[in-house]
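Make the full structure from the sequences, and use the hints.
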Amino acid sequence: MSEATTQAVSQEGMTGMVGDWSADRQAYHVPWGKAMMWIFLVSDTFIFSCFLIGYLNVRVTTTDPWPPQSEIFALSFGGDPIPLILIAIMTFVLITSSGTMALAVNFGYQKDKAKTFLLICTTAAFGATFVGMQAFEWSKLIAEGVRPWGNPFGAPQFGSVFFMVTGFHGLHVTGGVIYLLWVALRVKRGYYDNKGYEIVEIAGLYWHFVDLVWVFIFAFFYLL
Amino acid sequence: MASAEGQQHPLGIYYKIWVLLFVLSGFSYAVDYFEVQGAMRWGLVIFFMLLKAGFIIAIFMHVVWERLALVFTILGPPVVLLLFIGLMAFEGAYTEETRFNYRGHDRNAVALGPSDIHHDEHAEEAAH
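Read top to bottom, the protein sequences are chains F and Y. Going by the numbering used here, the residue at position 18 of the first sequence is 18; the numbering climbs one at a time, nothing skipped. Going by the numbering used here, the residue at position 41 of the second sequence is 41; the numbering climbs one at a time, nothing skipped.
Treat each hint with caution, since some may be false.
Stretches of chain F that chain Y covers, calculated by requiring three or more beta carbons in the stretch to come under 8 angstroms of a beta carbon on chain Y [unchecked claim]: (1) 128 to 140; (2) 170 to 180; (3) 195 to 201.
DSS-like mimics (lysine-lysine), calculated; alpha carbons at most 30 angstroms apart, straight line [claimed, not checked]: (4) F:K113 with F:K195; (5) F:K140 with Y:K16; (6) F:K195 with F:K140; (7) F:K115 with F:K195; (8) Y:K16 with F:K113; (9) F:K115 with F:K188; (10) F:K113 with F:K188; (11) F:K111 with F:K195; (12) F:K111 with Y:K16; (13) F:K188 with Y:K16.
Chain Y is nowhere near these chain F residues, computed Cβ spacing over 10 angstroms in every case [to be verified]: (14) W32; (15) P67; (16) A74; (17) G78; (18) G79; (19) L118; (20) T122; (21) W149; (22) G159; (23) S160; (24) M164; (25) T166; (26) K188.
Note that these hints are calculated values from the structure, not bench results. Beta carbons: idealized from backbone N, C-alpha and C, even for Gly.
Dropping the structure here:
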């Protein structure tokens with residue numbers, strides 16, 4: 001039986017896939033934690049898709065004009081307001097954190113504990129910065145009178161979509177920061193020396209997913 | 001395949017993708033900054049979005065290096081969402097049209113921006 005398993009894993013492409021899925025014991029040749037993280041992320045994809053499709057539906061059905069996001073999310077640094085600047089900075093912060101996370105995964109596999117710890121903490125710090133900026137954005141909009149049930153600019157659905165979608169995403173970022181700090185602490189203590197450093201990659205998958213969701217929110221909610 | 005020992009790749013590719021994501025985000029932002037409108041805006045924003053999403057999934061999340069059994073598990077199920085999006089867009093357009101035709105909603109309503117609202121306040125003050 002072990003012979004058959006080895007044979008299946010050694011094959012690539014479609015033949016390999018048929019082999020994997022018809023295998024006796026194991027379909028995915030990755031650590032179980034990684035397979036479970038992927039299944040969670042696929043289910044989370046459906047949750048965020050439901051939010052964005054709900055947004056599509058209310059935006060199409062509402063006969064009130066949609067508020068001009070570019071102007072609402074503009075920010076002034078002394079001079080004329082720059083359109084969407086805060087959101088652009090938030091996007092860059094999140095991409096930066098994705099990059100540091102990718103490096104952390106790499107140094108984790110090299111068993112470089114000091115660098116991995118530092119890079120995961122940097123990622124978490126960028127994540128916390130992102131949440132802080134989001135809190136600022138929320139307070140700014142609340143001060144301008146945007147509520148989940150209405151706003152002074154146009155379609156009332158704007159507020160409900162904004163608070164729900166960015167709130168749920170912010171919750172994911174907050175959860176990710178806590179998760180990353182926990183992993184970072186364990187890396188530092190050498191907890192994974194014997195278990196292996198796949199956990200850094202698994203935490204990385206979650207973090208990149210949060211960045212991925214933001215790519216869609218940035219495009220559909222803020223730009224279009 | 002690096003699956004058994006975990007995903008290990010040269011650092012260079014991460015740096016390249018990282019820079020590319022910055023550039024693509026910059027392009028998306030430029031679409032708004034230079035006020036590109038209409039079909040061009042939709043096309044560009046969605047094009048840059050899909051490129052960014054693709055690179056994050058393929059390289060940062062290592063999907064391009066995974067075995068097909070896992071790749072299809074990840075990318076297969078979300079495909080049904082396209083049908084869901086299509087159905088909701090179709091149904092939504094119908095609902096909107098019904099509201100215009102039978103509920104007397106205004107087709108030519110215009111949105112306000114923060115500047116319009118502040119402008120109104122000043123106009124009121126001037127009237128007093």
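Taking the hints in turn, this is what the structure says about them:
no. : hint               : in the structure
1   : 128 to 140         : violated (count 0)
2   : 170 to 180         : violated (count 0)
3   : 195 to 201         : holds (count 4)
4   : F:K113 with F:K195 : holds (14 angstroms)
5   : F:K140 with Y:K16  : violated (36 angstroms)
6   : F:K195 with F:K140 : violated (46 angstroms)
7   : F:K115 with F:K195 : holds (19 angstroms)
8   : Y:K16 with F:K113  : holds (24 angstroms)
9   : F:K115 with F:K188 : holds (10 angstroms)
10  : F:K113 with F:K188 : holds (6 angstroms)
11  : F:K111 with F:K195 : holds (12 angstroms)
12  : F:K111 with Y:K16  : holds (23 angstroms)
13  : F:K188 with Y:K16  : holds (28 angstroms)
14  : W32                : holds (12 angstroms)
15  : P67                : violated (5 angstroms)
16  : A74                : violated (8 angstroms)
17  : G78                : holds (17 angstroms)
18  : G79                : holds (15 angstroms)
19  : L118               : holds (15 angstroms)
20  : T122               : holds (13 angstroms)
21  : W149               : holds (17 angstroms)
22  : G159               : holds (14 angstroms)
23  : S160               : holds (16 angstroms)
24  : M164               : holds (16 angstroms)
25  : T166               : holds (17 angstroms)
26  : K188               : holds (19 angstroms)
Checked against the numbered hints listed earlier, the structure breaks hints 1, 2, 5, 6, 15, 16; every other hint is satisfied.
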